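Enquirer: Sequence:
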Amino acid sequence: MLETLDSIPWNKLEHAYGEASEVPDLIRALASPKEEIYKGAIRRLWHAVAHQGTVYSSTAYVVPFFCELLEASEVQNKTELLAFLEAIAHGAPYSNVHMLNKERRETPEAQLKITDAFSWVQNASDAVSDGYATYLRLLQAPDEKLRAWAAYTLSRCQSHRAKIAPDMQQSLSTEVVPFVRASLLLSLGQLLEKSEETAFFFTGLLQEAENPLGQIATAMGWVFAMREQTSQDALRILLRGYELSSDVKERFNELPFAESDLDTSISIALLSFVFGDLEIARNTTVSDLSDLQRNILTTIYENEDIWEPGKMDFAIGAFFGSEFAEMNWESMIEDFLAGQPLFQE
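For the sequence shown, position 285 matches number 756 in this note's numbering, and the numbering has no gaps at all.
Hint data in this document are derived by calculation from the structure and do not stem from the laboratory.
This list has only true hints and no planted wrong ones.
Listed below are the simulated DSS-like cross-link pairs for lysine-lysine, each with C-alpha atoms no more than 25 Å apart in a straight line: (1) Lys720 with Lys616; (2) Lys616 with Lys510; (3) Lys665 with Lys634; (4) Lys483 with Lys584; (5) Lys616 with Lys634; (6) Lys720 with Lys782; (7) Lys505 with Lys616.
The structure presented is a predicted model; accordingly, all values stated were derived computationally and were not measured.
With the sequences and hints as input, model every part of the structure.
Expert: Structural data, given as structure tokens:
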């Protein structure tokens, strides 16, 4: 394990604080049986190669070694390793690129930095995706939480989705733990192609789902995969999800997918149904929506609870991008439903 770690030119790679020469020792420390050592190492790696969600030239190189650690029975902190991989799979370029003013961004030097930064993002994403075989094997792990996190990480392996989805469907057919099944369903929603076969798959699962967590996860997976072709049954389950008991909401919030609470996650799914297949432009109006999409958006607008501070902001940021989260979306949607363009001059 980790035999090739020193073959990487770490001293020529960088992380958030400069030269990445200490990274191999931190990776080795992840295999320590001592909690204070491996937790300290993962914390330092978070700060170094995935600082505040950004990636660097060294980031992609840590991924194969994390996969080696995930395959080793003696390694203790596997769920956090998967959380790390999932995070860097959708990391952002380092912030200095975005802080340059327009004039400086157009210089040859700045353009080179921008090109490098975005290539590191792609390299990190590709490296995580290429580790899919490891994550698939972890779907058979004895630890329920580890299986759930493996499913979540697989949702980021889009370049191998055709290979991954059938194996995940097979795992779903034998998985009995509701928590893990929910994670598999949500991941499959990100991986399956929009098709009649996918719609048939989710139709059968929704008919069989007996517990509220399974119903919600199936409905969300359906929306993520099928967007505007989601069934009305699935949409009704999502709308009723706002009224579920606190016990069910707490169980959902324990899922790896739950970056926020259940209400916010439902809002993200419903926004995917309403806007997911539209090419949003400044002249987009409510007439571009179907009657059902318009009704769903009206229901979202009229639900006062989801407009509490922080909830809808997160949903908007997750769907449209963080740069849109600060807009007054409650007012924008009111105007949009009244016939005004979504993004007005």
